[in-house]
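Colleague: Chains as they are written, first to last, in my numbering: chain A, 2 to 174; chain B, 525 to 715.
The hints are simulated quantities; they were obtained by calculation from the structure and are not laboratory data. All of these numbers come straight from a predicted model, not from anything done at the bench. Hints should not be assumed to be uniformly reliable.
No more than 20 Å apart at the CA atoms, straight line, and that leaves these computed lysine to any residue pairs for SDA-like [unchecked claim]:
id, chain 1, residue 1, chain 2, residue 2
1, B, K558, A, R68
2, B, K650, B, D617
3, A, K134, B, S627
4, A, K134, B, D701
5, B, K558, A, Y62
6, B, K558, A, E58
7, A, K134, B, V628
8, B, K650, B, R638
9, B, K558, A, N61
10, A, K134, B, G671
11, A, K120, A, G148
12, A, K120, A, E58
13, A, K134, B, D697
14, B, K652, B, G663
15, B, K558, A, L64
16, A, K120, B, E673
17, A, K134, B, E631
18, B, K599, B, G663
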Amino acid sequence: MAAPRPARTQRGPALRTPLQDRLTSPWLTIRAQIVLAGIFIVAGALKIADPPGFAHEIHNYALVPERLVSPMALILPWLEVVAGLALFLGVWRRAAAGIFAVLLVVFIVALSIDLVRGKPVDCGCFGTSSVPKTEAQRLTEMKVAIGRDVLLLLLAGQILWAVPRPSRRLPPR
Amino acid sequence: MRWISQAAALLVLAVFCAAASNAFAGRERRLSWKSAGVAEGGQHAVSKPAAAPASAVSTASSPAAKSTFAPHPDKPYVEIGGEETAQLQGRGDVPVLDARRSSVYREGHVAGARSFSVWESDIDDKIKAFFAEGHDPSGPIVVYCSGGECEDSHTLAQKLYLAGFDAVFVYKDGFPDWQRRGLPVHSGDQP
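So that you can see chain B by itself, here it is in the shape it has in the complex (with noise of 0.2 Å):
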């Protein structure tokens, strides 16, 4: 069967061409061999809990979230409404964290929110950086992507409790939300 070999070559050439092409890739456009939804622990993952499945996670809102944003150490995120997301952009002192790619980012984002793509190569360094700020790590963060059947804010959300946040809140409807009720908007590359 000597097609089958010659296969083989071709997958070769092919992995060899996609570690080339990845290498040279700009920011934007590489991507790194381990998959941005595989959870990597943080300095304090140690001590964590695994990260709650997704069908423990609570899909409503949480009263207690709505009323204080307290800590939740016992699950990755908590998810909130637009209200709630609003009430927390406008304290001024609250993390908002874009989990959408950089280049819908630049077309718009919620104001003061920054860019954190969870599918771009630079995803730890960014969490290993954002955690180096000394952020406080019970502190409420709010991450957002596209909503709907968006999954995206879910693993930046899964990644930070995995750093060591304790109070991520994930905006489940999303920027079109945002949009929708007439909030604040950036564009470009700044918050």
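Just chain A, same shape as in the assembly (with noise of 0.2 Å):
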């Protein structure tokens, strides 16, 4: 005979490591929250003022289809302002996290892919640059990006992580 399973709470096994306690503890999750959703807000912001200057970075990347650029340049920058202010409100958090680890996982293979190709393009994260650049400083501005974005992604993950999961809601007895 199966021995019964262990009583599971709403955040998992019972016991928790002080070190689990403090890393999804509600004081940095919501400073982690705050820092993410800034960034992004700020990041899609300078985007919005000048699609034409984005699609341009993204096609310079040389990985997406001609036909996505377009759409890409025009609702990528809008949904990180909305997920930000989503974030940021404490609506959706675990929604808007998501978003932010997935678009971030996009954003360092693509620029990992770039980088191993030796192919040196304006990283594009906030907005367009206007200054000249060699191709050694922009292939260490994307190693600077991806170590960024490798930081951020560790700040999704603290919140997929600490905020709890909806409860489902019993059927009345």
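With the hints as a guide, dock the two chains, each given alone in a separate frame, to form the complex.
Modeller: Given below as structure tokens:
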């Protein structure tokens, strides 16, 4: 006869280490929300200010089919702003953090592919840059952008880990 | 998985905001939902062969083009250098088109060049209007952008080729090279 399953609380196993408690504390989560939301709202707003410039940056990555460049350039910045506002206001936090996690993985993969190919591109993360750059400067900036995106991904992961899943309502007895 | 449906709702809201924002944007900020790199056939496109792939396009200055700037109906464009561009621009009857953003064009452009930014929403209308002006389809046209890795001039050349122009020349080193040579430059909205 199979042993009965241990009862689960809403937040997972009953025993939690002090480190887990610290990493999922509301104090840390609220700060992760503010930082992540703030960065994405600013990044999105800068791109919304110049959609043709952002489309050009996406085109330069040479990773996206041409037909998708303009729709991406139009929708992605607004997705950053909308999800950023949701996270900032504490509405649908898991959904917003999930969107950011997916976006950040995509950004990291795109930058890494072009870095491996030795193709220097402007990140385009915070809109277009009019300052002329050398190839070496661009490659360095790409590495910095990957590092920054990894840190932001950790913040998104913290929110996904710490924010409880919505509990299912039990039918009335 | 309620959060997935919430994420989908955020995505739908973002699409709505993007559509509304783009609809009310000014000419320079508006972006066509159809990407600039997707070539649209013009009146003569039906009878044209498909644009040659980038690898098949001459990347060196063609000797024939250097001497006569002859039409090249078998390929969308031929790349030329600063000397040939200056020669064509000096003739006065050769259209010179600037593929960079309008804001950059205003800061400085080749004297006599017209703004044809490939990333702005009115580019196809501009090409149709240019065709309607009655330019000789076999006459040379020079297009340029910022040189280096800039491909906007090549994108514009593809569009012109599909619109029916057979003698498009891409100034491969672009505006920075023009400035280095100390050739005539204008600024502002007018050519």
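Colleague: Check each numbered hint against the structure and report the violated ones by number, ascending.
Modeller: none
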